[in-house]
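Peer 1: Turn these sequences into a full structure, and let the hints guide you.
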Amino acid sequence: MHGVIIMATVKINGKEITVQDNTLILDAARDAGFEIPTFCYQADLMGIGSCRMCLVEIEGQKKLQPSCITPVLHGMSINTETPTVISARASMLEFLLANHALDCPVCDKGGECELQDMVYKYGPHKGRHAEKKFKFQEKDYALSPVIIKNSNRCVQCQKCVRVCAEVVGANVLGALGRGDHQEETSFFRHFLDCDQDGNCIEVCPVGCFMRLPYRYRTRPWDLKGADTVCPYCGTGCRMVIEHRDGVLIRSKAQLGVGLNSETLCARGRFGCDFASSTERLKTPLIRRGGSLEPASWEEALGYIKEHIPVNIGNKMGGIASPRLTNEELYLFQKLLRDIFGSPNLDSTARWEPEATEGFIKATGMDEGGVSVFDCMESDSVLVIGSHLSDENPVTDYIVRRIKNTRRMSLIIASPREMKLDSSATIKLRHSPGREAAVLDAIALAVNAGKPSPAEGAALKDAKIEDLIASAGVTKGAVEQIAQRLLAANSIAIIAGMEFLRHPEGIPELGLLKEALKSSGKKVLVMPALDRANQRGAWEMGVHPAFGPGYGPVKDKGLGCAGMLEAANRGDLDMMYIAGADVAAMHPDEEFTRKALLKLKLLVVQDIFLSETAKLAHVVLPGSSFAEKEGTFTNQEGRAQIIRKLLPPPGKAKRDLDVIRAVGEVYDPSFGPKMPVLVLDEIRNAAGMYAHVSLAFNNKRNTENKLDNRHALVQGSATSALSVTRFSAATTEPEGRFHLTTGNHLFHSGRFSRRSGTLLGLLSAAVVEISEKDAASLNLKSGDKVKVKGRHYEAILSLKTKKGSKEGVAFIAENYDDVPVNRFFKKGEPAPRVDITKVTY
Amino acid sequence: MLSERAKKEIEAALRKYPNRKSAVMDALRAAQKDKGHIAKDDMDEIASILEMRSVEVNAAAAFYTMYNVDRPVGKYHIQVCRNISCSLLGAEHLIKHMERALSIKTGETTPDKRFTLSTVECLGSCGTAPMMQINDDYHENLTEAKIDELLKKLE
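Residue numbers (my numbering), protein chains in the order written: chain A, 1 to 840; chain B, 1 to 155.
No wet-lab data here; the hints were simulated from the structure.
You may find that some hints are simply not true.
With a Cα cut of at most 25 Å, we get these calculated DSS-like pairs of lysine-lysine [what the hints assert, rightly or not]:
hint: 1; chain 1: B; residue 1: Lys-21; chain 2: A; residue 2: Lys-802
hint: 2; chain 1: A; residue 1: Lys-132; chain 2: B; residue 2: Lys-105
hint: 3; chain 1: A; residue 1: Lys-121; chain 2: A; residue 2: Lys-63
hint: 4; chain 1: A; residue 1: Lys-598; chain 2: A; residue 2: Lys-315
hint: 5; chain 1: A; residue 1: Lys-802; chain 2: A; residue 2: Lys-772
hint: 6; chain 1: A; residue 1: Lys-802; chain 2: B; residue 2: Lys-40
Peer 2: What follows is the structure in structure tokens.
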């Protein structure tokens, strides 16, 4: 790849241009400003040149050539608008229409259909085919709870099949048959057991793949949209959300826009309907005589004023969700620190503040943003501590897509099988929670070539033996990984949420990074985060140990767990929880409820009556991502704008206004009032944001430059972070399975449980184990099983995974019917469980 | 279910290729030998042997007309060419004649599962048109009388 770039000069429609050799004629022509229509071409997919819409004339060649798979040659003269080309386009369209259903009046795609647009533009406006149309089917058929199919409208571009195989990696669609009888569908039209991300729908130029939840609900021209950012994981996908009559109807991605281009996952594409849920909180609530009663804002704020004295100090604590915008989070910490004088702040109920601080330091978040595209330019990429395919599906797509187009190695270390494994050069199945041992062993193997004088080689060998035994891996695999890393000049590490679940791995992450750097490698580390604005929450200083921009704070306060313990002891009287469902997400549910109930005042700001809100004295209705402006900072450190589509429902307010209203009760000048003004203040307070550009890169379809680098945050000059060493966690001795948790592909956090569509994909809780374990227990996928731990037992359905580590059971963290936090007990070793078949 | 013979044939085919997927054509041929067509289960089984998705096997099989995908055929599969040379020399009449003789339409199988009649594109034997293929054998320079004789022999 390195070396001299060869250029080629060609003439397109008489205009002379110079482009890199090997550029496709199509790309060169579009760059030069000429329009060439296509169906089957898509920048991110391998070219197949099948639709023949992009035919062009090359001087000296008798036949027209498909410009989407023909590279330029120096000296070529290309014409894109000759009479031959124009009549060829019309003929191609005439053939496509020969069998096309032409049922536009009842087709959901009508109005945004590429075939409609092209026929309108390029003709022919009359068909000559007298034959009876070939039909694949009489009635549309559902391929999944979110996909409905009408093959009679297909133009055989195969984009659905290719996006499924090359980008999503699910590979469940095929082009069956040939010629005009070719149908892109599933195996025998079976219901799909796939990612349900609907990327096949998005890339479909016609009304062949359609969204089932959107069916017959509206016409595209009746929708109003806002260009925003997905509220689910930390990947930070750009998308357009659209409403009709105040109901959020769909979200869609845009080709060539945002780092995700035309892709989204199931949560992003189908899960945003939670914003229009009928269960949304529409009015403030105050606890009166044991129950929560509707109240006015004046009453609610008055109640708060009456109960919380100004400068209450460390008797008060605040938790703000990483689903809030940077502006809201900044104002929230300002409220707690400046108005109430409390250092007790956290942005999550799930992790220890020492763990998050160490993780930020070890992944170098305080050193500025790291683009995922830069990571994928590396010679070797190591994914560890993340079930990337489920937790950050679109990051998984980006990794797969780029990995398949260049020479590089991809190493995946995870206890559970994941879809990305099929693209991995090496996959390592280690015991859960043993990232520390894995990293240590790799670091030792990396350094094996240069033994340090202090440590003899024999001692090192013994140490490696211990580590691989603890990690449950083989020495050969670790050595293979070390070889790959040593052979690479540049390495990227993608480190996920497991490091926060098992923080003893955090220092080792830093150590491996240093070991590789000292061997002269270029090392990038990118965190893989599971909440849309988790990084933003930390960078706004919603943390007990640091302020905005990771700067130092006067007093260090308590994190979420510390606050709950203090509340339980009676040392903390009041809490303001914005958006976080502590009762449902904090490990050890029983203790959490007990602690929250001891508070003298619990103020909860949320969009639903969450488990935590049910315990509150005052509930303030906030807004969803669709009802406010602001910025999210994704896992890479890219700050992106979210935009308002709808007003908050009922009397609910924008979260920024709620936080400000609480502040104004004590200081009428508390603010600023507008998100943009808060952002200005953030730019001053946190130098990392001083030069961040929020200008959207909004060019459609002409280029594929997805990496908007101006949006990346800078390094922090005031960072004062330290890494805490955690002792290795122990696990209970009894029980066959080590219980692990995390996000499910269809569900993450609490919002997804309010999305009707996502519940339709998966409503009941599932426990996942390896196929081998299932076979030895005489169980199979779909069986009802009892999962029994020491503190809790539940009945779930079983899902088996072929390549997962044996002895590991996984239950996602957010099922309402099986709260996984009931299996965990404060201060006790990690739970083990037994799984048995339930027979009725 | 694939027969043991078919499985052995697939194993042998696997040795010819650097990766497993490449053996898909051989595997499909081996499966079709078993019972004249390729059933859904066979494709699932081939997919798991070759570490592919069933739909990929299906896509490969459905592309080629000589694979009878999920389409059981009779003991004798009659494939009549109806491309230009054969048609000019009366293929259409021969097809009609066979439809009458077997009391089935093109694409159908006789109730006794002995004969399936299909039409195919050029089989590369234009010099001896009109022609047809019954199972693995070519029958050339056909006339109605010749066909009657052939069918009789097969009954």
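Peer 1: Hint by hint, which ones does the structure fall short of?
Peer 2: Structure breaks no hint.
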